[in-house]
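There are 2 protein chains.
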Amino acid sequence: MSGLKIGVIGATGMVGRQYLQILEASPLEVGQLRLYASARSVGSRMTYAGESLAVEELTVEACRGLDIAFFTVSTELACQYAPQVAEHGTLVIDDSSAFRMDPDVPLVVPEVNPDAARSHKGIIAGPNCSTAQMVVVLQPLQQAAGLKRVVVDTYQAASGAGKAAMDELIDHSRRFLAGERPAPENHPQSLAFNIFPHIDSFRDDGYTKEEWKMLVETRKIMDLPDLRLSATCVRVPVAVGHSEALHIEFERPMSAREAREVLERAPGIVVVDDPLNREYPQPIEAAGLDPVYVGRIRDDVSNPGGIALWVVADNVRKGAALNAVQIAELLYPSAVPAQTEGRATAAMTAR
Amino acid sequence: MSGLKIGVIGATGMVGRQYLQILEASPLEVGQLRLYASARSVGSRMTYAGESLAVEELTVEACRGLDIAFFTVSTELACQYAPQVAEHGTLVIDDSSAFRMDPDVPLVVPEVNPDAARSHKGIIAGPNCSTAQMVVVLQPLQQAAGLKRVVVDTYQAASGAGKAAMDELIDHSRRFLAGERPAPENHPQSLAFNIFPHIDSFRDDGYTKEEWKMLVETRKIMDLPDLRLSATCVRVPVAVGHSEALHIEFERPMSAREAREVLERAPGIVVVDDPLNREYPQPIEAAGLDPVYVGRIRDDVSNPGGIALWVVADNVRKGAALNAVQIAELLYPSAVPAQTEGRATAAMTAR
Numbered sequence: 487m488s489g490l491k492i493g494v495i496g497a498t499g500m501v502g503r504q505y506l507q508i509l510e511a512s513p514l515e516v517g518q519l520r521l522y523a524s525a526r527s528v529g530s531r532m533t534y535a536g537e538s539l540a541v542e543e544l545t546v547e548a549c550r551g552l553d554i555a556f557f558t559v560s561t562e563l564a565c566q567y568a569p570q571v572a573e574h575g576t577l578v579i580d581d582s583s584a585f586r587m588d589p590d591v592p593l594v595v596p597e598v599n600p601d602a603a604r605s606h607k608g609i610i611a612g613p614n615c616s617t618a619q620m621v622v623v624l625q626p627l628q629q630a631a632g633l634k635r636v637v638v639d640t641y642q643a644a645s646g647a648g649k650a651a652m653d654e655l656i657d658h659s660r661r662f663l664a665g666e667r668p669a670p671e672n673h674p675q676s677l678a679f680n681i682f683p684h685i686d687s688f689r690d691d692g693y694t695k696e697e698w699k700m701l702v703e704t705r706k707i708m709d710l711p712d713l714r715l716s717a718t719c720v721r722v723p724v725a726v727g728h729s730e731a732l733h734i735e736f737e738r739p740m741s742a743r744e745a746r747e748v749l750e751r752a753p754g755i756v757v758v759d760d761p762l763n764r765e766y767p768q769p770i771e772a773a774g775l776d777p778v779y780v781g782r783i784r785d786d787v788s789n790p791g792g793i794a795l796w797v798v799a800d801n802v803r804k805g806a807a808l809n810a811v812q813i814a815e816l817l818y819p820s821a822v823p824a825q826t827e828g829r830a831t832a833a834m835t836a837r
Numbered sequence: 487m488s489g490l491k492i493g494v495i496g497a498t499g500m501v502g503r504q505y506l507q508i509l510e511a512s513p514l515e516v517g518q519l520r521l522y523a524s525a526r527s528v529g530s531r532m533t534y535a536g537e538s539l540a541v542e543e544l545t546v547e548a549c550r551g552l553d554i555a556f557f558t559v560s561t562e563l564a565c566q567y568a569p570q571v572a573e574h575g576t577l578v579i580d581d582s583s584a585f586r587m588d589p590d591v592p593l594v595v596p597e598v599n600p601d602a603a604r605s606h607k608g609i610i611a612g613p614n615c616s617t618a619q620m621v622v623v624l625q626p627l628q629q630a631a632g633l634k635r636v637v638v639d640t641y642q643a644a645s646g647a648g649k650a651a652m653d654e655l656i657d658h659s660r661r662f663l664a665g666e667r668p669a670p671e672n673h674p675q676s677l678a679f680n681i682f683p684h685i686d687s688f689r690d691d692g693y694t695k696e697e698w699k700m701l702v703e704t705r706k707i708m709d710l711p712d713l714r715l716s717a718t719c720v721r722v723p724v725a726v727g728h729s730e731a732l733h734i735e736f737e738r739p740m741s742a743r744e745a746r747e748v749l750e751r752a753p754g755i756v757v758v759d760d761p762l763n764r765e766y767p768q769p770i771e772a773a774g775l776d777p778v779y780v781g782r783i784r785d786d787v788s789n790p791g792g793i794a795l796w797v798v799a800d801n802v803r804k805g806a807a808l809n810a811v812q813i814a815e816l817l818y819p820s821a822v823p824a825q826t827e828g829r830a831t832a833a834m835t836a837r
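Here the protein sequences come in this chain order: A and B. Numbering follows the working numbering, in which position 76 of the first sequence is assigned residue number 562; successive positions increment by one, without gaps. Numbering follows the working numbering, in which position 298 of the second sequence is assigned residue number 784; successive positions increment by one, without gaps.
It should be emphasised that the hints constitute simulated quantities derived from the structure, not laboratory data. Careful, some of the hints might be misleading.
Which copy is meant is left open, because identical chains are indistinguishable; a pair holds if it fits in one copy or across any two.
Stated by the list, open to error - In silico SDA-like pairs for lysine to any residue, Cα to Cα no more than 20 Å straight-line: (1) Lys634 - Glu735; (2) Lys695 - Val787; (3) Lys491 - Arg689; (4) Lys607 - Ser583; (5) Lys695 - Ser820; (6) Lys695 - Ser788; (7) Lys695 - Glu765; (8) Lys695 - Leu762; (9) Lys491 - Gly608; (10) Lys695 - Asn763; (11) Lys695 - Arg764; (12) Lys634 - Val787; (13) Lys695 - Ala742; (14) Lys695 - Asp760; (15) Lys491 - Gly692; (16) Lys634 - Phe736; (17) Lys607 - Ala651; (18) Lys649 - Gly665; (19) Lys634 - Arg714; (20) Lys634 - Pro790; (21) Lys634 - Ser788; (22) Lys491 - Pro711; (23) Lys649 - Glu671; (24) Lys649 - Met500; (25) Lys634 - Gly791.
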């Protein structure tokens, strides 16, 4: 049998299902696909490329022989299983926060630091979703003018907290419209017609861990250990699609015009910036698509030589499953049939 | 008849109705209240303090004899009527953008520049709603440490665009949940489970007029003609309550601890900042209330000596009707019965 032996660990979850969709559309040559979940999902079946596949129980033994295991499970489960699976020679690509800051694990966004992926020791991590889409935009600007400081405020979709949280937004919205005020179960507050600046838990310094991740993960991915960045992470009543307002200061002056040219040439980005025709990125339009969308690019009126802009991407795709599959495409180019243009390349040129 | 003769111009609109509620709760001694609207609303009746009042057609003649006219109409109508009404000796307090940047018209937020109100020549303007709640927070910080630069990203409620826009959010959300994708009529895009960085129209420099107002109105109200400020204004699917993420740079270093102490003492503000107990300002909790709520106060990790924080207020109240009534309370203290604590004072001490 030719092609890669691939496993999706956590296949039955929201992001797991996205892996199946994205692998199906990927130029990666998938020889065998195996699906893993917890014991209670064993026996259920999922469709991949027209074929019905049984879900297996996750054990280290059951993962033996895989070339690649895409982990999309909790941090706890990733910590428990990923090292053992990697030890048997399988490349683990993990989208949890378990290994991101481990100095032995590369933290990779293919548009930004593809070379880091090649130095892996069995495990590669993908970043937090709000970080992933931001660094795709920051990297070409860093190369052009050197980043000095970034201020970012986010508008994050319910799906960033998982399927139950996304379903709760829909359910609570319906009940809110019927006059009810249901109590939250999967969010810290009800998200129906409300927003709150509370994603992940709070640190002693008043930042949330989500805000902190945007700082430390960005520093690691971009290899800028001294980058200055401050974030406010906010949940908004949107199902899919994270948005971010960025205000960027540079070492060398950057104009909005230059930034637009740089971003238009950059991998993975589509510039949507024609506000007079009401064209700017919106989550409802980015959902289900691969690129990172950038618009509202303008000279920062408060900081000559700086710029402000607006970034939107599908947090379930670029923020998780797509990024992980792009890492695999990067490391297994021989499994990307030569006659077709690979997704990694394609996504990078933002077809 | 004792007490003030007060008119509400545009009484039948969403903000007009708020004026009635706020006047009813105000310590201002209202001797006579008259309600004005366009010809098509004439004959309708509204209830004030248990009394049914007829709505009159707006004409300059019909406003004769008023002590105060609260204008809450379009910029066009304000331009047409306010100067003539003021010429007959009525104090016009206008919440449109018609006169805000007119050098002969004070732009007033009572917590910030009460003295400016006293130099009026017949017309006083109130600021844009997103500016009003921000300057209440910036003013005590300016006094404590001197503002150098402000970055602000907003999360603005549908009601900021008027009642039809708020109703459209509810209607579109209902239809979205039923599988429809209705086209927007009162917003530039559908707001159901979506957000967009487009409030008011676009300027040539890429900023929206809403974003520009936050800069120039803040400079005027705070009398800081060189203040550096950059805003991204974003509409979110919330009915009432604007939220703002602020990142503030100072002339002299300011710590989060000091900022919290300053803000706890400041007029009009309630600090809600106990994130470990899930307490931070949220629009759904601020709606219908007077104070400007501040939380998430923290040292800006990207800028030593700077701070980041989160501000929420009812945009229809502090952003419009409440601010205007507070201006009247400021100028007519004799009409605020001495034995009760006036709302202006009360709101300023954030009871």
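Results for each hint:
With identical chains, the CA atoms of Lys634 and Glu735 are at most 20 Å apart both within one copy (5 Å) and between copies (15 Å). Within a single copy, Lys695 and Val787 get their C-alpha atoms only as close as 30 Å, which misses the 20 Å cut-off; across copies the closest is 13 Å, which meets it. Within a single copy, Lys491 and Arg689 get their C-alpha atoms no closer than 41 Å, and across copies no closer than 54 Å, so neither meets the 20 Å cut-off. Only within a single protomer do Lys607 and Ser583 lie at most 20 Å apart by alpha-carbon distance; the minimum there is 17 Å, versus 61 Å between protomers.
In the homo-oligomer, the alpha carbons of Lys695 and Ser820 never lie at most 20 Å apart, since the shortest distance is 38 Å inside one protomer and 52 Å across protomers. With identical chains, the CA atoms of Lys695 and Ser788 are at most 20 Å apart between copies only, with a shortest distance of 15 Å across copies and 29 Å within one. Only between protomers do Lys695 and Glu765 lie at most 20 Å apart by alpha-carbon distance; the minimum there is 17 Å, versus 33 Å within a single protomer. In the homo-oligomer, the alpha carbons of Lys695 and Leu762 lie at most 20 Å apart only across protomers (13 Å), although the nearest pairing inside one protomer, at 37 Å, exceeds that limit.
Taking the shortest alpha-carbon separations for Lys491 and Gly608, only the intra-copy value of 16 Å comes in at or below 20 Å, while the best inter-copy value is 79 Å. Proximity of Lys695 to Asn763 under the C-alpha cut-off of 20 Å is restricted to the inter-copy arrangement: shortest distance 16 Å between copies versus 38 Å within a copy. For the identical chains of this complex, Lys695 and Arg764 are inter-copy neighbours only, at 14 Å across copies versus 35 Å inside a copy, given an alpha-carbon limit of 20 Å. Taking the shortest Cα distances, Lys634 and Val787 sit within 20 Å of each other both inside one copy (17 Å) and across copies (13 Å).
Proximity of Lys695 and Ala742 under a CA criterion of 20 Å is satisfied inter-copy only: 18 Å between copies versus 31 Å inside one chain copy. Proximity of Lys695 and Asp760 under a CA criterion of 20 Å is satisfied inter-copy only: 16 Å between copies versus 35 Å inside one chain copy. Proximity of Lys491 to Gly692 under the C-alpha cut-off of 20 Å is found in neither arrangement, the shortest distances being 44 Å within a copy and 49 Å between copies. Taking CA atoms no more than 20 Å apart as the test, Lys634 paired with Phe736 passes in both settings, with 5 Å inside one copy and 18 Å between copies.
Taking CA atoms no more than 20 Å apart as the test, Lys607 paired with Ala651 passes in neither setting, with 34 Å inside one copy and 55 Å between copies. In this assembly of identical chains, the alpha carbons of Lys649 and Gly665 lie at most 20 Å apart only when taken from different copies (19 Å versus 24 Å within one copy). For the homomeric pair Lys634 and Arg714, the shortest alpha-carbon distances inside one copy (7 Å) and between copies (18 Å) are both at most 20 Å. Taking identical chains as interchangeable, the C-alpha atoms of Lys634 and Pro790 lie at most 20 Å apart whether they share a chain (13 Å) or sit on different chains (14 Å).
In this assembly of identical chains, Lys634 and Ser788 lie within 20 Å of each other by CA distance both inside one copy and across copies; the values are 15 Å within and 10 Å between. Taking the shortest Cα distances, Lys491 and Pro711 never come within 20 Å of each other, neither inside one copy (36 Å) nor across copies (65 Å). For a Cα distance limit of 20 Å, the shortest separation of Lys649 from Glu671 inside one copy, 12 Å, qualifies, whereas the shortest one across copies, 31 Å, does not. Taking identical chains as interchangeable, the C-alpha atoms of Lys649 and Met500 lie at most 20 Å apart only when both belong to the same chain, with a minimum of 6 Å there against 37 Å between chains.
For the homomeric pair Lys634 and Gly791, the shortest alpha-carbon distances inside one copy (11 Å) and between copies (17 Å) are both at most 20 Å.
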